[in-house]
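Residue numbers (the working numbering), protein chains in the order written: chain A, 93 to 765; chain B, 93 to 765.
Be aware that a few hints might be false.
Chain copies aren't distinguished; within one or between two, either way the pair holds.
What the hints assert, rightly or not - Listed below are the simulated DSS-like cross-link pairs for lysine-lysine, each with C-alpha atoms no more than 30 Å apart in a straight line:
1. Lys701 - Lys174
2. Lys151 - Lys670
3. Lys136 - Lys174
4. Lys136 - Lys242
5. Lys242 - Lys701
6. Lys638 - Lys583
7. Lys701 - Lys136
8. Lys297 - Lys352
9. Lys352 - Lys242
10. Lys375 - Lys242
11. Lys655 - Lys371
12. Lys242 - Lys297
13. Lys174 - Lys375
14. Lys701 - Lys638
Worth flagging that the hints you see were computed from the coordinates, not collected in a lab. None of the values given here were measured: they were computed from a predicted structure.
2 protein chains.
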Amino acid sequence: MEEEVSVLFMPSGLRGQVPVGTTVLQAAQRLGVDLESICGGQGKCRKCQVLPQQGEFSKHGISSRADHLSPLTATELMQQSKNRLKNGRRLGCNARILGDLVVDVPEESQQHKQHIAKAVTAYDIQVQPALHLYTVTLPEPDMHAPISDKRRLQQALASEHDLPIMDCEMSQLRLLQPALARAGRQVTVAVYQFQQIIAVWPGVKEEVYGLAVDLGSTTIAAQLCNMTSGEVVATADTMNPQIRFGEDLMSRVSYVMMNKGGDTAMTQVVREAFNQLAKRAAKSAGIQVEDILDMTVVANPIMHHLFLGIDPTPLGGAPFTLTTDQTQVLRAAELDIRLHPEARVCTLPCIAGHIGADTAGVILSERPDLADEHVLLVDIGTNAEIVLGNRHRLLAASSPTGPAFEGAQITSGQRAAPGAIERVRIDPQTLEPRFRMIGCEAWSDDPEFADKSARVSVSGICGSGIIEVVAEMYLSGVIDSDGVIGPVTGKDSPRIVQEGRTWSYVLHAGERAIRITQNDVRAIQLAKAALHAGVRLLLDHMGIDKVDRIGLAGAFGSHIDVKYAMVLGLIPDCSLEKVGSVGNAAGTGARIALLNFPSRLEIAEILPKVEKIETALEPKFQEYFIQAMAIPHKTDPYVELGKVVKFPEPKPRAEKADSGDRNRRRRLRRDRA
Amino acid sequence: MEEEVSVLFMPSGLRGQVPVGTTVLQAAQRLGVDLESICGGQGKCRKCQVLPQQGEFSKHGISSRADHLSPLTATELMQQSKNRLKNGRRLGCNARILGDLVVDVPEESQQHKQHIAKAVTAYDIQVQPALHLYTVTLPEPDMHAPISDKRRLQQALASEHDLPIMDCEMSQLRLLQPALARAGRQVTVAVYQFQQIIAVWPGVKEEVYGLAVDLGSTTIAAQLCNMTSGEVVATADTMNPQIRFGEDLMSRVSYVMMNKGGDTAMTQVVREAFNQLAKRAAKSAGIQVEDILDMTVVANPIMHHLFLGIDPTPLGGAPFTLTTDQTQVLRAAELDIRLHPEARVCTLPCIAGHIGADTAGVILSERPDLADEHVLLVDIGTNAEIVLGNRHRLLAASSPTGPAFEGAQITSGQRAAPGAIERVRIDPQTLEPRFRMIGCEAWSDDPEFADKSARVSVSGICGSGIIEVVAEMYLSGVIDSDGVIGPVTGKDSPRIVQEGRTWSYVLHAGERAIRITQNDVRAIQLAKAALHAGVRLLLDHMGIDKVDRIGLAGAFGSHIDVKYAMVLGLIPDCSLEKVGSVGNAAGTGARIALLNFPSRLEIAEILPKVEKIETALEPKFQEYFIQAMAIPHKTDPYVELGKVVKFPEPKPRAEKADSGDRNRRRRLRRDRA
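Isolated chain A (complex conformation) (with noise of 0.2 Å):
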């Protein structure tokens, strides 16, 4: 068993129990005091130093003494020769705790939040990133003391800045002495990890900024922030491009395999796609693409690979190999993305050959790892990515559900933009329903819907919208819990209509006719039980059968209404106001890497301990899928639902052809518009 000894924090007056070589900064981080660390424990920018006490602090029961600590470290010796660590102080994240220990956090060494991003989803993220600008005035050039510009820049650096002697990119460089002459020899540099100059500006620059991706099968998201104030200044989507090769995951990868070079143009759309985005961004920020100087990307493991360049064809069977498993650095050019010429570009860890660096932003975003109660997070996007545990313990998984949930292969599916339908409502008795749309706020029922969708018409259904609308379809009859849509015994209703050997429900009649198919229905259902027998799988793992908390992701988790995602069968039991949207966490996590440098080493210290469950290994997967297909698994959330559910009987199949055919003459009609 490992030995622990006792560390009480002063002024705090945190304290408890750490293993034996634990580090300070370590404890204080484990132990929740407040320790400032900028440069992420390398022992570099010195702001975690820490007074150790030696004396019997009987109170506390602890005895603690100078061999307590490890003795100081070669970077210590270094920092104490050129004053910089005074009067017995220690670097946190240099000195491992031997013994019982107290150790004073002076005032200078507590960390203060500095910056509260405001972004896209409020959240606390504190602004140390990868990168700092500092602002220099070099001495005139000495003939009769010839150093360089480059160590005169250096010498300038330690002196006023307190930085080590670090090289600064070529490219930058070759800028230097321009520089110099064109603003008085006053130059800003932006450091990237305290260890390499990768930009130069004449005179002062005051603001660069940075870029958190969300890169998914589907969508690409991209927030631009100040990466010093850590706002978000502008956001930007688009299609994956992607989608022209394959429109799923699985399709891409067949791509590649029948198709040689298939991988590379991948990359190339991919990293062109990045490029507009970027651009955009900058353009709606009033910035330019040259003052972005870091980026972070989160993705699933096949784009993650192909956006890196790398063949993802060991992806698409087992063993599910990925080439890597660890955050890369690189420069943008390397990826001919387009920012300032030695831009960074990090790409967050992969878990495992199905669940990627979107997973890690997940947990870096919600950091399940650091609960008590046993937390589901689940990303839906064109894979389920489910998250479970706590600090004891971590797994994860990934489900087929297809793009569904997405809006995608359901016949009037669409991403959520204005014109989607995202709010159902199917009256029992009529089975008319009632609608609102994304960037109307009125219902359709409303008298004033006409007035206030004047600007925006009906465009089809987004992800929220279909759950909701096959919910309660099912609510009302118009769908069994097969899943089978057709005429509800004694309601007449001229919104089932048969199309061929199935039937249809027409959710709007205008002029673009929106109708929820029997495949539409099939599609969610597929999706819905895929996405239940992976949470189950995780359940059974993890020896539980209810969780405490849910957090759904996603752009999906964001708009879905919890309660009809209960009625589907979607999320397992829990309260209901334990369950909540958690926003796009994958890209929120994104951003948290971008914005707060040791996030990075973080993440890349947690995603070794989860375990990983591959859905493809476990029999019972296919069994829980069966099992699942079925609507409602459970009837718990009706009662919540405050409705009187009535199990409709089965179905006649009466023709309908007459408005089946005028339906599929209007949509003609319109196709050929």
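Starting from the known structure of chain A, fit chain B onto it as the hints suggest.
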């Protein structure tokens, strides 16, 4: 005063005084102790392990105690925890000497010279390259333990080769899965500086290569080396194509000032010349350019900056500020050099605005910083770089000799190549010359000359030939001590011909006539005066008037007959047997840096200590220069030449227009052909 302590190394018994705080490795190097180090003191290779002794060593008067060494560093603790530092051993590069000490160097830490590079210039180089090859076989991927191929590779390198966990270039990571698939999961990787995987090949890869390049204003010379054996497997050289933008350095800088983008054009052509050289060298060695993974470059500051793509304009005028005076390590691809895609390029550091990385190469080759005696090193290229000093003090300067010593700006001058006259004797009685040319063993007055020169005909005169002919012209009275050519009283010779207002000496009257004109003699006078003045300035600064040893570097220095250099006063007084060619020392320095990585760190430490003498700032330079125009400035050497010197009378300006005309006509005919 710096406090010093005694250290005794066993079993060698070498001992000495070192300042407190010196590392054991530094002490060993200073005292000449046989202690291995591959990583250059970075704590990575663990080759420098030593065992400190405790006790009274009364015979040596040393009391060695445990606390006479600094405490274990973090690096050592880490190595200890991995059982790589056992039984009280310390890392010589980490442990600092704090008091008197006796240290054992275990058998396995004793350095054994590995390979001797057989080279253009024979030179012992210990082969410790910046990159190493490792072959590993990875286990099959296992879906139940999903880790990436990259992590599996890292684990194999750690367990089989004891390497630290390191990153891999993305371009090579892309090759990892196909390489594993191709060769039964066996791959070979190249590791750069124990820090980064820069190449991946399927199966076993045994040999990689490096290129050491001496980039001169006039010529570029490359040595292709096997990075394991150190052997030079091919050499190649070419003219510097920048010559078309300007013959000498200043005219090239002027070109940049006058032509926007002129620097870019010059950068492009020189890099392309590198590519052609690499291709030719690779072809001649029967390898692929992609097998070249490392490259070192020495060059004067302007060539150095242009090669790196840095505008050299500031080097064209006071205060002659370098953009960088540090070692630069880049990817070859960043410089558009086509070798292995991840090949590295290391440019040696420049010393000052006029003293470049080529001089750093000379210092690395000759190590005057280790000498007890006063060493004078002269590298004659288009400029002459001069280094003077010993282990206590080093001075360096550059003198603007111009390219005359290289055969440029000389009427019939040419590079040292077959057909170039390199040795000349003039009969003091008849004034008839005899000569030897490169590519033919026989002197021109040898009966066998016609036969032996059948395959090579006289094409011009190279640097060493010009020195000899001018010296011989002086010794035979054809020129006076002011350098004026004219008929010799009492010796009517058809060799001395008038051309306009001045006279020339016809060295070779055959099909391709070789004449030495008054302008040629002037060019040599100017060049030697510049060199002489520079050397004298350094002697002044050092406060000496005689040196103990002279090394002549460069192509010119290798071929020159030292006696003639003394006749003309190129070099100062020194015993003849202490003057010698050191070959292409700059190029040898590049090869040392290529094959011996620690030497790169050493030169970076030496250079900042070199005192730079700016000839342009020294009022005495001009004075010395004018004094040195006359031939000879000293009479001593003539005695050693065993000749009776007759100082010629002032010459009457007799008309010899005929032969001059004949020569001119002959040249015209030749030029037309």
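Status of each hint after checking the structure:
{"no.": "1", "hint": "Lys701 - Lys174", "in the structure": "between (39 Å within a copy, 22 Å between copies)"}
{"no.": "2", "hint": "Lys151 - Lys670", "in the structure": "neither (40 Å within a copy, 80 Å between copies)"}
{"no.": "3", "hint": "Lys136 - Lys174", "in the structure": "both (13 Å within a copy, 25 Å between copies)"}
{"no.": "4", "hint": "Lys136 - Lys242", "in the structure": "both (21 Å within a copy, 28 Å between copies)"}
{"no.": "5", "hint": "Lys242 - Lys701", "in the structure": "between (43 Å within a copy, 17 Å between copies)"}
{"no.": "6", "hint": "Lys638 - Lys583", "in the structure": "neither (39 Å within a copy, 119 Å between copies)"}
{"no.": "7", "hint": "Lys701 - Lys136", "in the structure": "both (27 Å within a copy, 28 Å between copies)"}
{"no.": "8", "hint": "Lys297 - Lys352", "in the structure": "between (46 Å within a copy, 27 Å between copies)"}
{"no.": "9", "hint": "Lys352 - Lys242", "in the structure": "between (47 Å within a copy, 24 Å between copies)"}
{"no.": "10", "hint": "Lys375 - Lys242", "in the structure": "neither (34 Å within a copy, 38 Å between copies)"}
{"no.": "11", "hint": "Lys655 - Lys371", "in the structure": "neither (39 Å within a copy, 70 Å between copies)"}
{"no.": "12", "hint": "Lys242 - Lys297", "in the structure": "within (19 Å within a copy, 39 Å between copies)"}
{"no.": "13", "hint": "Lys174 - Lys375", "in the structure": "neither (45 Å within a copy, 53 Å between copies)"}
{"no.": "14", "hint": "Lys701 - Lys638", "in the structure": "within (23 Å within a copy, 71 Å between copies)"}
Violation of the numbered hints given earlier is confined to hints 2, 6, 10, 11, 13; the remaining hints are satisfied by the structure.
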